[in-house]
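Go ahead and model the full structure; you've got the sequences and the hints to work with.
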Amino acid sequence: MNKTLYPAIFAAIIMLVLTSLMLGVNLKTEGIALTLEGADQQTWLAIGAATLVVFFFQLFRAQITRAIKLPTLPSVDSVLPAGQQRDTLTRIGAGLVILAMFIWPFFGSRGAVDLATLTLIYVMLGLGLNIVVGLAGLLDLGYVAFYAVGAYTYALLSLYFDVSFWIALPLSGLLAAIFGFLLGFPVLRLRGDYLAIVTLGFGEIIRILLNNWTSLTGGPNGISRIPKPDLFGLEFTRRAKGEGNIPFHEYFGIAYDPSHKVIFLYLLAVILVLITVYVIHRLTRMPIGRAWEALREDDIACRSLGLNPTFIKLTAFTMGASFAGFAGCFFAARQGFISPESFVFIESAIILAIVVLGGMGSQLGIILAAVMLTVLPELAREFQEYRMLMFGLMMVFMMIWRPQGLVPMKRPHLELKQYD
Amino acid sequence: MLENILYFIQQLLNGLTIGSTYALIAIGYTMVYGIIGMINFAHGEVYMIGTYVSFIVIAGLTVLGLENLPLIFMAALLVSMGVAAAYGFTIERVAYRPLRGQPRLLALISAIGMSIFLQNFVRISQGSRDIAMPSLVTGGWSFGDASSFEVSLSYMQVIIWVVTLITMAALTLFISRSKWGRACRACSQDLGMTNMLGINTNNIIALTFVVGAAMAAVAGLLVGMYYGVVNPYIGFIAGLKAFTAAVLGGIGSIPGAMLGGLLLGVTEAMTSAYFSSEYKDVVAFGLLITILLFRPSGLLGKPEVEKI
Numbered sequence: 001m002n003k004t005l006y007p008a009i010f011a012a013i014i015m016l017v018l019t020s021l022m023l024g025v026n027l028k029t030e031g032i033a034l035t036l037e038g039a040d041q042q043t044w045l046a047i048g049a050a051t052l053v054v055f056f057f058q059l060f061r062a063q064i065t066r067a068i069k070l071p072t073l074p075s076v077d078s079v080l081p082a083g084q085q086r087d088t089l090t091r092i093g094a095g096l097v098i099l100a101m102f103i104w105p106f107f108g109s110r111g112a113v114d115l116a117t118l119t120l121i122y123v124m125l126g127l128g129l130n131i132v133v134g135l136a137g138l139l140d141l142g143y144v145a146f147y148a149v150g151a152y153t154y155a156l157l158s159l160y161f162d163v164s165f166w167i168a169l170p171l172s173g174l175l176a177a178i179f180g181f182l183l184g185f186p187v188l189r190l191r192g193d194y195l196a197i198v199t200l201g202f203g204e205i206i207r208i209l210l211n212n213w214t215s216l217t218g219g220p221n222g223i224s225r226i227p228k229p230d231l232f233g234l235e236f237t238r239r240a241k242g243e244g245n246i247p248f249h250e251y252f253g254i255a256y257d258p259s260h261k262v263i264f265l266y267l268l269a270v271i272l273v274l275i276t277v278y279v280i281h282r283l284t285r286m287p288i289g290r291a292w293e294a295l296r297e298d299d300i301a302c303r304s305l306g307l308n309p310t311f312i313k314l315t316a317f318t319m320g321a322s323f324a325g326f327a328g329c330f331f332a333a334r335q336g337f338i339s340p341e342s343f344v345f346i347e348s349a350i351i352l353a354i355v356v357l358g359g360m361g362s363q364l365g366i367i368l369a370a371v372m373l374t375v376l377p378e379l380a381r382e383f384q385e386y387r388m389l390m391f392g393l394m395m396v397f398m399m400i401w402r403p404q405g406l407v408p409m410k411r412p413h414l415e416l417k418q419y420d
Numbered sequence: 001m002l003e004n005i006l007y008f009i010q011q012l013l014n015g016l017t018i019g020s021t022y023a024l025i026a027i028g029y030t031m032v033y034g035i036i037g038m039i040n041f042a043h044g045e046v047y048m049i050g051t052y053v054s055f056i057v058i059a060g061l062t063v064l065g066l067e068n069l070p071l072i073f074m075a076a077l078l079v080s081m082g083v084a085a086a087y088g089f090t091i092e093r094v095a096y097r098p099l100r101g102q103p104r105l106l107a108l109i110s111a112i113g114m115s116i117f118l119q120n121f122v123r124i125s126q127g128s129r130d131i132a133m134p135s136l137v138t139g140g141w142s143f144g145d146a147s148s149f150e151v152s153l154s155y156m157q158v159i160i161w162v163v164t165l166i167t168m169a170a171l172t173l174f175i176s177r178s179k180w181g182r183a184c185r186a187c188s189q190d191l192g193m194t195n196m197l198g199i200n201t202n203n204i205i206a207l208t209f210v211v212g213a214a215m216a217a218v219a220g221l222l223v224g225m226y227y228g229v230v231n232p233y234i235g236f237i238a239g240l241k242a243f244t245a246a247v248l249g250g251i252g253s254i255p256g257a258m259l260g261g262l263l264l265g266v267t268e269a270m271t272s273a274y275f276s277s278e279y280k281d282v283v284a285f286g287l288l289i290t291i292l293l294f295r296p297s298g299l300l301g302k303p304e305v306e307k308i
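Top line first, the protein sequences correspond to chains A and B. Under this note's numbering, the residue at position 336 of the first sequence is numbered 336, and the numbers go up by one with no gaps. Under this note's numbering, the residue at position 281 of the second sequence is numbered 281, and the numbers go up by one with no gaps.
Please keep in mind that the hints were generated in silico from the structure rather than gathered at the bench. Cβ coordinates follow ideal geometry from the N, Cα and C atoms, glycine included. Wrong hints could be hidden among the right ones.
[To be verified] Listed below are several chain A residues computed to face chain B (Cβ distance under 10 Å; list not exhaustive):
| # | residue |
| --- | --- |
| 1 | 13 |
| 2 | 17 |
| 3 | 20 |
| 4 | 34 |
| 5 | 356 |
| 6 | 388 |
| 7 | 396 |
[What the hints assert, rightly or not] Chain A regions said to be covered by chain B (calculated; three or more residues, Cβ under 8 Å):
| # | region |
| --- | --- |
| 8 | 23–31 |
| 9 | 137–150 |
| 10 | 197–211 |
This is the structure we're talking about:
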């Protein structure tokens, strides 16, 4: 008994120390003086309850872990039929889903379509970061910087040179890729965790630059009135802005409806995401994609087989950055307004959370995770405040419980048993 | 001419002040890195929590009517060190220990998750707005000619130096003389071998997190009293800066962290004074990238040999 009693008491005391001051008392300013305010009874009850839970959990830890096994998710193989049949099934399923994605917005509400568009942006970002983190195994914490580069490319080009969305889209991707290349070239020789910190610093540098280079970027005020994309010269406004342009509704002789624009943006996002999925899917089957994964698994073996690790990492980094650039360009067009506020570290963390939750390397998982992480907080608005708290907790929990993510990447492989 | 020199000296003093707090936070990074070879990503949050706890203690004692300043200071120091140590311990237990022996990427991600969790935990429990505290220690000395430029040195700055010096000296003694310190040094040389020799390495790893967190809390109290403001987001930038300091001095080396912190503080003060204060963070991160590229082992660190 004593063997578990002392650790249990210790854990309970730690729990009390952690919570009592930070949760139990609130700082408050009165005039210029700083005073304290005790939290309400409920909070103190919660603190007490948490302490008791920790105490009893530690006390009966052995019994509890034996009694409750964390549920393991069913593997995909057991649900689906095997082999050839499964391939056809997957294809038909995917085809139906894609068809549904094109049809439903015409019947859905405007708010839902808008939310779906936002979700698709996150899907695109998640897929792009997946190349870097999931496939190549490089932790990039400044991914949002490339997103910002893409968004600002379009915003600035349209502001100063009146460049249209369709020309800016490839340019955004290209410029983001160039930034990725320029950053990656020197830093990719670094070890994993150094790389994480350097990319984090790079992300901050870009944000600070955008914030302070007021003459070019408008600083914290951002850039507003970014034009929406058009459809082969047809604008989705009540009256055409460009010279000689015709609005969409006039061309087709239908009444003006602002939801046309929303649906158009959604469809555009769907197409961009489909292209992204397809390109990345093909890339993973090309030698370069194989090399990314090989490098993630074993750096040294790769080098001994004659692969140039820096070059391979650089391609992953550049490709990932370019997708962030596309996403950023689309984001700027959809919002119509961007400011450095949209490109803070938390955004990088959310995208990383999507990749982690979905399963590093797994495209399907990332799409599902992006949908979950953007739609769930919208549905449970009262929990909005706890959103980031939950994200953080989830990242820790996923790493411990199921580091391969909800839908792990499937790949025939042989595992060598490790003997310590 | 004299004016310029005095101005320079003023910046140097300011830089050394902020630099010594960077050095204190950097200790946590460097000790953890020295032993398990990983970055403690949630360390900046521990510093932020340390600041909050010291504010709470100071406010609480003031409300209770205590007016003895040294006593308040000591109480705030001890309590915030204790609470921060508990946080450090928990971080290690929750986010690092279950992942030991797994790929490094996993521990890194779980630590980032921990950092986000702690930041938002404080945001929800204490509010996201700035909390200001009237300064407890006011006044100072001033030198030089009042008509041209006067170098001012506040009592608070001197307190920061003295406390940092004492803390660093105590830490150095602890590492070099005590039984635990010896175990720490052994762990940083060879974790597996130390374990075989009958030292509980798990406890030593937890100890480094705890000591690092306590150092961060000291910095939290000092910076909190110096600037008089705290919000839940200060940990992020401070952590990044302190990490830069640790890398600058050579990560894994404690004297390196001290040197790196002071150098970074002075660099920042000089950038703000002679270039632009908006870009001082850019300069700090640029410095970090440059060091990692050209001298990853830092100023005082030993070059790392990659073992296969």
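Tested hints:
1. 13: Status holds, d = 9 Å.
2. 17: holds, 4 Å
3. 20: holds, 9 Å
4. 34: Because about 4 Å separates residue 34 of chain A from the closest Cβ in chain B, which is inside the 10 Å limit, the hint holds.
5. 356: The hint holds - residue 356 of chain A has a Cβ within 10 Å of chain B, the shortest such distance being about 6 Å.
6. 388: Interface hint status for residue 388 of chain A: holds (4 Å vs cutoff 10 Å).
7. 396: Cβ of residue 396 of chain A sits 4 Å from chain B, so the hint holds.
8. 23–31: Coverage by chain B holds here, the residue count being 5 at a Cβ distance below 8 Å.
9. 137–150: holds (count 3)
10. 197–211: holds (count 10)
The structure agrees with every numbered hint stated previously.
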